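Student: Could you put the whole structure together from the sequences, leaning on the hints where they help?
There are 2 protein chains.
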Amino acid sequence: MVEKVKNAIQDHYPEDFAWCYGCGRLNEAGHHFRTVWQGENTLTIYTPKPEHMALPGFVYGGLIASLIDCHGTGSAAIALHQKNGHEVGDGSEPPRFVTASLKVDFVKPTPHGVPLKAIGTIQEIHPKKWKVDTEVYAEDTLCARGEVIAVVMPNTFMKKD
Amino acid sequence: MVEKVKNAIQDHYPEDFAWCYGCGRLNEAGHHFRTVWQGENTLTIYTPKPEHMALPGFVYGGLIASLIDCHGTGSAAIALHQKNGHEVGDGSEPPRFVTASLKVDFVKPTPHGVPLKAIGTIQEIHPKKWKVDTEVYAEDTLCARGEVIAVVMPNTFMKKD
Numbered sequence: 013m014v015e016k017v018k019n020a021i022q023d024h025y026p027e028d029f030a031w032c033y034g035c036g037r038l039n040e041a042g043h044h045f046r047t048v049w050q051g052e053n054t055l056t057i058y059t060p061k062p063e064h065m066a067l068p069g070f071v072y073g074g075l076i077a078s079l080i081d082c083h084g085t086g087s088a089a090i091a092l093h094q095k096n097g098h099e100v101g102d103g104s105e106p107p108r109f110v111t112a113s114l115k116v117d118f119v120k121p122t123p124h125g126v127p128l129k130a131i132g133t134i135q136e137i138h139p140k141k142w143k144v145d146t147e148v149y150a151e152d153t154l155c156a157r158g159e160v161i162a163v164v165m166p167n168t169f170m171k172k173d
Numbered sequence: 013m014v015e016k017v018k019n020a021i022q023d024h025y026p027e028d029f030a031w032c033y034g035c036g037r038l039n040e041a042g043h044h045f046r047t048v049w050q051g052e053n054t055l056t057i058y059t060p061k062p063e064h065m066a067l068p069g070f071v072y073g074g075l076i077a078s079l080i081d082c083h084g085t086g087s088a089a090i091a092l093h094q095k096n097g098h099e100v101g102d103g104s105e106p107p108r109f110v111t112a113s114l115k116v117d118f119v120k121p122t123p124h125g126v127p128l129k130a131i132g133t134i135q136e137i138h139p140k141k142w143k144v145d146t147e148v149y150a151e152d153t154l155c156a157r158g159e160v161i162a163v164v165m166p167n168t169f170m171k172k173d
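Sequence order for the protein chains is C and L. Going by my numbering, the letters in the first sequence line up with residues 13 to 173, in that order. Going by my numbering, the letters in the second sequence line up with residues 13 to 173, in that order.
Hints may be right or wrong, so weigh each one.
Put simply, identical chains are the same to the list, so a pair is met inside one copy or across any two.
[Claimed, not checked] When the alpha-carbon atoms are kept at most 27 Å apart in a straight line, the in silico BS3-like pairs for lysine-lysine are as follows:
#	residue 1	residue 2
1	K129	K18
2	K143	K18
3	K115	K140
4	K140	K120
5	K143	K115
6	K141	K120
7	K120	K18
If you are wondering where the hints come from, they were derived from the structure by calculation, not from laboratory data. Quick caveat: nothing in here was measured; it's all calculated off a predicted structure.
Tutor: Right, here's the structure in full:
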């Protein structure tokens, strides 16, 4: 049994930016990925649902890509928020990132039925552009490696025309 | 209104391999991506569901990554099936691929509410390893580019221990 992490960055996204299918707390149908510091790394734990299979017994790669994606933007938000002098949950709104690019190497078939742990290593490339390298483990087995280039959300996401 | 494509490769996957959350016809909760030839390219059309948003008005990147992923494996299956002397729907079982790696560049925010078209260009790297470059369009706007390295499903996917 995995304990639910407390005080994830996604718990504090402004309401307008909390609708993401992957990690938005207000998206009822979504995955609700939640990301926290773990030492100098970041951590997102998620247990795939029964339907999230590639084949019976193995996790769907698109779900793993989604986990790496939101873990990446969440990790970048955590890191920039800290750089800005804040702590998650101190009442200030964290920055919101979007994904510029996503890479996933599927190292091994990922067994279904156990929690997946995404562990991120964060690097600042530019004040508005961060790289997050992620390893996804099923129990102690490394199943996928990912890289996300996350950028502070541009104004183009504000226009819906 | 987009007409449903006929005779997609996923319609003919063997039953044991038709459970993928992205493209398995037997996975009731899944996306049911379906891929066909379109001239020398491949095509998958999908209209995201209301919940598949990054923000209201924009499509979730993980859904786009999932589309590129299954479009890639489906495109590789179509191409190898043809190389093997078959046509989709001729009664023979197509090969089944898995994703070795996935890359997505998010070129523009992807508007929600219109069908997405994934258009693939296929290249054989090795008889069991194919590269599929994909462009994802929302109407006439290129929103994402992807690359999938797809490999014929290895035996490790047959073991559920």
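Student: In ascending order, which of the hints set out earlier in this document are inconsistent with the structure?
Tutor: As far as the earlier hints go, only 7 is violated by this structure.
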